[in-house]
Structures are given as structure tokens and as C-alpha cells.
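Undergrad: Produce the complete structure using the sequences and hints provided.
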Amino acid sequence: MINTDDILETIHMIDDENLDVRTITMGISLLDCIDSDIDKACDKIYDKICNYAGNLVKTGEDISKEYGIPIINKRVSVTPISMVAAACPGKNPVRFALALDRAAKAIGVNFIGGYSALVQKGFAPGDYAVIQSIPEALSRTDLVCSSVNVGTTKAGINMDAVAKMGHIILDTAKATADRNCIGPAKLVVFCNAPEDNPFMAGAFQGPGEPDCEINVGVSGPGVVRTAIKKAGDCDIAEVANIVKKTAFKVTRMGQLVAQEASKRLCVPFGIVDLSLAPTPAVGDSVAHILEEMGLESCGAHGTTACLALLNDAVKKGGIMASSHVGGLSGAFIPVTEDAGMIDAARCGSLSITKLEAMTAVCSVGLDMIAIPGDVPPEIISAIIADEAAIGLVNSKTTAVRLIPAIGKKAGDEISFGGLLGGGPVMEVNRYSPLRFISRGGRFPAPLQSLKN
Amino acid sequence: MHAVISVIGKDRVGILARVSGICAKHQVNVTDVTQSVTENLFAMIMLVDISKCNVPFSRFADELTEAGKEMGVSIHTVHEDIYNSMHHI
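Chains as they are written, first to last, in my numbering: chain E, 26 to 477; chain Z, 29 to 117.
Hints listed in this document are in silico derivations from the structure and should not be mistaken for laboratory results.
Just to be clear, a hint being listed does not mean it is correct.
Claimed, not checked - Straight line, CA to CA, 27 Å or less: simulated DSSO-like cross-link-like pairs of lysine-lysine:
hint, chain 1, residue 1, chain 2, residue 2
1, E, Lys288, E, Lys130
2, E, Lys254, Z, Lys80
3, E, Lys379, E, Lys340
4, E, Lys199, E, Lys130
5, E, Lys255, Z, Lys38
6, E, Lys179, E, Lys433
7, E, Lys179, E, Lys434
8, E, Lys476, Z, Lys53
9, E, Lys288, Z, Lys80
10, Z, Lys97, E, Lys146
11, E, Lys116, E, Lys146
12, Z, Lys53, E, Lys90
13, E, Lys340, E, Lys254
14, Z, Lys38, Z, Lys53
15, E, Lys254, E, Lys379
16, Z, Lys97, E, Lys90
17, E, Lys341, E, Lys254
18, E, Lys116, E, Lys130
19, E, Lys421, E, Lys270
20, Z, Lys97, Z, Lys38
21, Z, Lys38, E, Lys83
22, E, Lys340, E, Lys434
23, E, Lys421, E, Lys433
24, E, Lys341, E, Lys269
Keep in mind it's a predicted model, so treat the numbers as computed, not measured.
TA: Laid out in C-alpha cells, this is it:
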């Protein structure tokens, strides 16, 4: 009945290999808070979030204690604010951000996501005002996260939004320059954004989602690395098998937590996001898994292949362990949040061009990369366009979260603290894409969009 | 409802007595015990029935953790579902 080895393995995973549930995120629809009176709308938003998620943090802590699993983050995602702001033309949407920030602080979550706009095909009422206000919103709040979806495989890419986001990212960095430019660390530009993603900074509650749901993001890079290490010099199919088995166990734990949270909060269970999410902590690095597979340093030739295998095996192992899988589901490669990536970037082994190739086979995109503060906005836009094109053609989510480090140059260090970590400022290709970005218009949807 | 108490650390006299004493005090019935040495570690696993536990589960778990600290061993007390879900299909 009791298998000692199984129990010891679980305890070892949690105590020594940083196994945890990375986040329980409650998705809350704000569609019923829409009001043409912005004060009323803000009050309704604050009340609804506090009412629905008031017990989220305590429930997470209780589950964590009873099952012995650390649950690192408790968070809330809401309907893209542009949809709520559409009813209040001419009003400054930053007031919604302030209401979200107050609500997040009142219920004790560590981030709230959804200061967002979905503009893949064009700007609807509310979209432009929200995008325009992102620098002010992120500089005047602490916990609000923002995202903008600029493309989908179905719709193509909104190149006007891509051009705009280059400026917005830079302005957000400038607006938070006195706080290590932390603003853009809370801003993601997506292509094919999932509507049920529990991970920040890109979480929002999509318009097709229910009134309220619980989404859980698992983690466990340390566990996967240790399992591969134990196996020694086995062949690559065996490596994939080990990752699958480990991902299965990790995901089962996430599924258990998700079901329990859903039951205790009386909120439907949405999805489990099968992700390998690193942290700057020692032993919690995706880069170290790739190195354990046999690379001298992450970024070496072979990195893309190793990452592709890892990403695929995580999904194969996780899919059977959960009744509903969604979100981003795959391996994350955020540079400043991953001890191995930071070292690889410092020693020159990992460049932005290699990271771009890696994003074609991993779960998201160019994530948490500090670039020199003097990089012009059109280069940031062109990086977004490249990433969006990779997502567009491969029918996958891609994203860009770049942090222009104001006043710093390539090789300097920047630190954000906590889960956001820190690392070296990385150089970009300085040849100008200005004429391309200035064209604007709609990048046509690819042939892959015609599936009917 | 069952919980699993795991005790890991260096062996010494009185560990089992102390842990089962705390269980008895709180009306927690011990239904299975195994003991082994893995990777040079003394490990004892107890399956206990907590349905009649007379204090909240978290307090029971905390008390065992404290006792573990005093004895120089690490004690985890968690719901059995975590192990069932991770290791059984």
C-alpha cells in the first residue's frame, strides 16, 4: 500500500529539486462590469474581484500545507480592459489599472493580468486608448500586468500595432527608469495569445472563457534535470522518455491542486498549463536541462534541437496527466529568470539571434531580455514582427517581452529582483528596419489559416 | 481520510514512540508503518487515518514538524492523495 520509494521521490523533488505549482490563477470576466460611467465601472471591477478572489490566497496556502506542495503564486487574470474601456470614450483608462491594482493589493495576490488589448486585425473602440496608456498604467501601479495581441494565424499581423508597440515598450521603460525599468517586464506583445493562460505577464481572461475559472501552471525544471542526470549517457529517445515520465508526475500534481482549488473556491476548473517555468534560483533552470542533455553551454549549436525535444516530451508526458490542458504549455526560456540562461548570456554563448531560433520550438518567445536603452523603437517593432511571423506561420503562440535598459549598454547588468531576476544587457542587430516598419498595414494571414 | 507521515533523518531512540504518541493524543489512528534505509537515510513512512483528528490538520502537521526539529529529523505530514496522484495511473 505504501511505496516508500515513491514517497521519498516526491519529498526529494519538493525539498531538493524545487518542484512546485508555479501559479493558481483565477480568471474573472469583467464583461458585466462595463458601464459608461467610469467611476461606476471601476467600483464594479474592484468589488467583483474582491468578491470572487477574496479567498484565493488563503485557499492556495491551505492546499499547499495539506498536500505539502509549495504553491508559489496566486494571481488573477481579467477580461482585456480595452473591452471595458470601450464604453468610456474620452476617459483615461489608467483609472481601470489603478482599480485593478487596488483590488490585487486588497486580496493579496502578487500580480493581476489583463490590462490588455486584442488588436490582431485592427483597433476596436477602447483598444488604442488602452495601448496608448500602458506606460502610464505600468508606472503608476505595482501589480498590474499588460499584454497586447498583435497577430493570429487566422487574422495575420496588425503591423500598425507592431509599429506602435515599439514606442510603447520604450516609453514604458523610460517611465519606470527610476525603478530599474521594471515596467516592460510586465508587458507582453503576443501573436496567437491563449485566452486561458495562467502565467504572467501575459495572462488575461479571454472573451470566450466563462465568468470565473481556475487555471493552474505547473513547473519543475529542476526535477527534469535531475532525472536526466541520473540516467547518464543514454540515447536521445531514452532522454525523451525520462522527460515524459517526469512531466506526467509533475502535471498530476498540478491537476490535483487545480481540482482541489476549484472545489474549495466553488469555481469551475479551467486548464492545467504544462509548463517548465524556470526561476533564478539554483537548480530551477531550463538552460541547465539543455546542458544536461549534452551541451557545454546553452546557446551552443544543438540548443534548438534539445529544446524541441524537451518541449515535445513535456507535452506528451503532461497531456495524459490532466483532463484539460491549455495556456502556453511548453518550456519557457525567459533569460533574466533562468540562472543557466543568465550565465550563457554573460559568457557570450547565448545571443538574441539564437534565442529567436529557439522560440520556433519552445512554448512562447523572446522573454525577459534586457536590451540597450538606446535601441530605437523601430528595431523593437521589427523584433516583434519577426517573433509574430514565427508564431503566425507555425500556428503557435509567440511573444516578446523586452526590457530596454535606459542608460545602459550591452554587457551592463540590470536587476529586477524576485522571480523576474536580472542579467546582462544583450546587444541587438543595429541595421535599420525603419522603412519596413513604417509601411504599416496588415500582414496577410498565411496559407496555414485556411483549414476549413 | 488518510495522511502520510514521513520521517527522514539519522536514526535514534524514540522516534516512533514520539510520532505515534502525537498521533494518539489527537485521535489519529496509525494504519500502516514501513521503515527502510535508502541512500544512507533512515526513512519511516506511516499511513494514518485522520478522519477523527481532534485538531485542524494543519495544526497536527505543524506539531509533528516541530517534534521532528527537536529530534533532528525531517517530518512531512501530507494528504495521501499527492502520492496517489503522482505515482498511480
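Undergrad: Confirm or reject each hint.
TA: A quick look at each hint next to the structure:
At most 27 Å may separate the alpha-carbon atoms for a hinted pair to count; E:Lys288 and E:Lys130 meet this at roughly 24 Å. This hinted pair does not check out: E:Lys254 and Z:Lys80 have alpha carbons roughly 43 Å apart, beyond 27 Å. Taking the CA atoms of E:Lys379 and E:Lys340, the gap is near 23 Å; set against the 27 Å cutoff, the hint holds. Only pairs whose Cα atoms come within 27 Å are accepted, and E:Lys199 paired with E:Lys130 is accepted, the gap being roughly 25 Å.
A C-alpha spacing of about 24 Å is found between E:Lys255 and Z:Lys38, which places the hinted pair at or below 27 Å, so the restraint holds. Note on E:Lys179 and E:Lys433: the hinted pairing is violated, with a Cα-Cα distance of about 39 Å set against a maximum of 27 Å. In summary, the hint linking E:Lys179 to E:Lys434 is not supported, as the alpha carbons are separated by about 38 Å, beyond the 27 Å threshold. Between E:Lys476 and Z:Lys53, the direct Cα distance comes to roughly 66 Å. Violation of the 27 Å bound is thereby established for this hinted pair.
With a C-alpha separation of about 22 Å, the suggested pairing of E:Lys288 with Z:Lys80 holds against the 27 Å cut-off. A distance of roughly 60 Å separates the Cα atoms of Z:Lys97 and E:Lys146; the hinted pair therefore is violated under the 27 Å criterion. This hinted pair checks out: E:Lys116 and E:Lys146 have alpha carbons roughly 24 Å apart, not beyond 27 Å. For the suggested pair Z:Lys53 and E:Lys90, the alpha carbons sit about 21 Å apart, so the restraint of at most 27 Å is met.
For the proposed pair E:Lys340 and E:Lys254, the alpha carbon gap of about 20 Å is at most 27 Å, so the pair holds. Of the supplied pair hints, the one linking Z:Lys38 and Z:Lys53 holds, its CA atoms being roughly 25 Å apart against a limit of 27 Å. A C-alpha spacing of about 25 Å is found between E:Lys254 and E:Lys379, which places the hinted pair at or below 27 Å, so the restraint holds. The straight-line distance between the Cα atoms of Z:Lys97 and E:Lys90 is roughly 17 Å, inside the 27 Å bound, and the hint therefore holds.
Proximity of E:Lys341 to E:Lys254 is assessed by CA-CA distance (about 20 Å); at most 27 Å being required, the pair is judged to hold. Distance check on the hinted pair: E:Lys116 and E:Lys130 sit about 24 Å apart at the alpha-carbon level, within 27 Å; holds. A threshold of 27 Å between alpha carbons decides the hint, and for E:Lys421 with E:Lys270 the separation of about 24 Å falls inside it, so the pair holds. Annotation: proposed proximity of Z:Lys97 to Z:Lys38 holds, straight-line Cα distance about 12 Å (limit 27 Å).
With a C-alpha separation of about 35 Å, the suggested pair Z:Lys38 and E:Lys83 falls outside the 27 Å cut-off, and the hint is violated. Between E:Lys340 and E:Lys434, the direct Cα distance comes to roughly 38 Å. Violation of the 27 Å bound is thereby established for this hinted pair. Of the pairs offered as hints, the one joining E:Lys421 and E:Lys433 is violated, with about 33 Å between alpha carbons and a cut-off of 27 Å exceeded. A distance of roughly 6 Å separates the Cα atoms of E:Lys341 and E:Lys269; the hinted pair therefore holds under the 27 Å criterion.
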